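Work out the full structure, taking the sequences as your base and the hints as a guide.
Numbering-wise (this note's numbering), the sequence shown opens with residue 63 and increments by one.
Please keep in mind that the hints were generated in silico from the structure rather than gathered at the bench. Small disclaimer: the values here were computed from a predicted structure and weren't measured. Errors might be hidden in some of the hints.
The list that follows gives simulated cross-link-like pairs (lysine to aspartate or glutamate, EDC-like), each with its CA atoms no further than 20 angstroms apart [claimed, not checked]:
#1 K398 / D538
#2 K398 / D97
#3 K398 / E545
Ranges of calculated distance between the beta carbons of each label pair, as one might list FRET restraints [stated by the list, open to error]:
#4 P446 / E352: 44 to 54 angstroms
#5 R185 / P371: 45 to 55 angstroms
#6 R406 / R185: 53 to 63 angstroms
In this text, a Cβ means the ideal position worked out from N, Cα and C, and glycines have one as well.
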Amino acid sequence: MSTLRPNFLIFVTDQQRADHLGCYGNTQVRTPHIDGIAARGTVFEQCYVASPACMPNRAAIMTGRMPGAAGARMNGVPLPLDSRTFADALREAGWRTALIGKSHLQNMTDVQPSWRKGEGADRPQARREDRDSPAYEQESVVRWRDPDHAVRLPYYGFDHTELCLEHGDEVGGAYDRWLLARCPEAETLRGPDHALPGGETAAPQAWRTALPEDLYPSAFVRDRAIDWLEDHAARGDQPFLLACSFPDPHHPFTPPGRYWDMYRPEDIELPATCGPATPADTPLKRALHEELAAGRRSTAGSRVIAVTPDEARAAIALNYGAITCIDDMVGAILAKLEALDLARDTVVLFLSDHGDFMGDHGLLFKGPLHYRSVIRMPLIWADPHAGAGGRRTDLASAIDIGPSILARAGLVPPHGTQGRDLAPAASPAAPRASVLVEEEGHRPMPGSGLPKVRTLVTGRWRLSVHAFEEWGELYDLHDDPDESVNRWDDPACATVRAELMLELVRAMARHADECPLPARMA
Numbered sequence: 063m064s065t066l067r068p069n070f071l072i073f074v075t076d077q078q079r080a081d082h083l084g085c086y087g088n089t090q091v092r093t094p095h096i097d098g099i100a101a102r103g104t105v106f107e108q109c110y111v112a113s114p115a116c117m118p119n120r121a122a123i124m125t126g127r128m129p130g131a132a133g134a135r136m137n138g139v140p141l142p143l144d145s146r147t148f149a150d151a152l153r154e155a156g157w158r159t160a161l162i163g164k165s166h167l168q169n170m171t172d173v174q175p176s177w178r179k180g181e182g183a184d185r186p187q188a189r190r191e192d193r194d195s196p197a198y199e200q201e202s203v204v205r206w207r208d209p210d211h212a213v214r215l216p217y218y219g220f221d222h223t224e225l226c227l228e229h230g231d232e233v234g235g236a237y238d239r240w241l242l243a244r245c246p247e248a249e250t251l252r253g254p255d256h257a258l259p260g261g262e263t264a265a266p267q268a269w270r271t272a273l274p275e276d277l278y279p280s281a282f283v284r285d286r287a288i289d290w291l292e293d294h295a296a297r298g299d300q301p302f303l304l305a306c307s308f309p310d311p312h313h314p315f316t317p318p319g320r321y322w323d324m325y326r327p328e329d330i331e332l333p334a335t336c337g338p339a340t341p342a343d344t345p346l347k348r349a350l351h352e353e354l355a356a357g358r359r360s361t362a363g364s365r366v367i368a369v370t371p372d373e374a375r376a377a378i379a380l381n382y383g384a385i386t387c388i389d390d391m392v393g394a395i396l397a398k399l400e401a402l403d404l405a406r407d408t409v410v411l412f413l414s415d416h417g418d419f420m421g422d423h424g425l426l427f428k429g430p431l432h433y434r435s436v437i438r439m440p441l442i443w444a445d446p447h448a449g450a451g452g453r454r455t456d457l458a459s460a461i462d463i464g465p466s467i468l469a470r471a472g473l474v475p476p477h478g479t480q481g482r483d484l485a486p487a488a489s490p491a492a493p494r495a496s497v498l499v500e501e502e503g504h505r506p507m508p509g510s511g512l513p514k515v516r517t518l519v520t521g522r523w524r525l526s527v528h529a530f531e532e533w534g535e536l537y538d539l540h541d542d543p544d545e546s547v548n549r550w551d552d553p554a555c556a557t558v559r560a561e562l563m564l565e566l567v568r569a570m571a572r573h574a575d576e577c578p579l580p581a582r583m584a
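So this is what it looks like as structure tokens:
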């Protein structure tokens with residue numbers, strides 16, 4: 063294999079914060095195989111999401127474009143099928159392309175979104191494109207109940223797909239068919255109603271699954287990836303792109319077998335900010351903690367909730383178990399890559415789609431408070447022909463991943479790509495001055511309405527503007543790395559705030575869509 067046409071093996075986890083890895087400084091969770099990738103590659107310390115939600119950030123990773131430009135601005139809005147992804151570009155240039163695991167570029171559920179009455183749900187849309195058509199239901203749990211349902215290939219550039227839908231031990235899609243073929247009675251082993259005894263935990267959305275380790279969704283990704291690699295090795299020297307996308311450690315927390323109690327809640331170190339809200343906190347954070355104190359909190363779904371320290375410890379312990387389970391699966395896939403003599407020509411990446419509060423500020427899951435626990439994502443890049451690159455502290459974005467892959471493959475990214483090549487030799491003389499983060503949601507937040515947030519992260523500051531709120535957020539990440547003191551209304555930071563607001567406007571302008579090119583002068 064030519065070093066100019068390398069293979070790409072990408073490991074993706076779901077809702078995993080960066081510091082829940084040994085190579086990012088965590089001394090409790092055990093991730094030796096992922097740490098091994100880091101040891102022979104480059105760890106990006108300051109990589110941020112384009113959006114802290116699954117669908118928009120996965121779309122940004124695939125297209126190298128901000129969610130608004132890519133046309134998948136929020137969860138519930140699928141990526142347009144006419145998008146050009148980095149998988150498309152590799153496929154067209156001769157790479158075999160495969161995705162095993164979670165995609166989430168289209169909607170998985172048929173649950174109607176929360177929406178304010180009269181906000182356009184019953185009116186014609188400003189664009190005629192119909193994203194309720196069968197073409198945009200290829201990841202639908204309902205569609206997958208039909209045994210004849212299959213993904214239309216290529217799927218966003220992937221010639222081979224074996225999809226996982228949803229999370230925990232309730233995953234559907236191709237995994238469901240694989241599971242039932244191996245264990246016809248599998249439905250008696252899944253879900254909270256079939257949980258094993260002895261699984262008492264303070265963590266919300268958690269049960270001790272009866273599924274054995276080798277039948278769990280993470281094992282499906284491992285086994286099918288290994289099968290695909292073996293098939294590829296038998297075909298010849300065509301380069302490949304293989305994305306192994308795990309549905310864990312996203313809640314519900316159901317790590318199987320020995321991973322369930324591998325970590326004890328009483329041993330877990332909590333984030334320094336884990337605790338109740340104070341009068342100086344943002345109205346949204348206070349409202350979330352008021353829900354908890356008043357007993358009005360709902361622990362169902364994916365919306366951010368406030369939690370007690372005991373709940374946070376229990377959730378983190380189970381989250382660590384799921385991460386170590388994934389690490390073992392990554393190790394098995396890497397061992398097969400080596401055994402097939404493919405490792406010497408394969409660039410390996412590890413990343414997650416976004417983070418999770420995991421007790422940070424007394425919160426759990428994800429939401430429109432852009433603390434770094436949610437917007438900072440792990441990114442590790444190991445190129446066997448480049449050697450260990452150490453740790454990068456310059457700013458990087460999810461939209462840089464696709465362009466970097468294409469550049470390593472010797473390909474030019476499509477016009478309209480907004481990310482940049484992260485390779486040191488290709489980096490401009492001036493590093494990124496800032497990273498832009500977009501978030502829009504259809505779940506109303508307590509004490510406010512639907513979230514619409516724009517965040518700017520610089521080397522020192524994090525500024526967040528909430529479109530429908532008078533309050534905002536400004537944190538000095540050097541002097542206050544825990545983001546404990548909001549300087550938004552601090553007169554001493556008035557000049558900094560004004561400068562950052564101007565840079566935010568410029569960043570939003572720079573990331574406005576430039577595709578398509580004009581066809582004529584008018």
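Evaluation of the provided hints:
{"no.": "1", "hint": "K398 / D538", "result": "violated, 45 angstroms"}
{"no.": "2", "hint": "K398 / D97", "result": "holds, 18 angstroms"}
{"no.": "3", "hint": "K398 / E545", "result": "violated, 42 angstroms"}
{"no.": "4", "hint": "P446 / E352: 44 to 54 angstroms", "result": "holds, 53 angstroms"}
{"no.": "5", "hint": "R185 / P371: 45 to 55 angstroms", "result": "holds, 46 angstroms"}
{"no.": "6", "hint": "R406 / R185: 53 to 63 angstroms", "result": "holds, 57 angstroms"}
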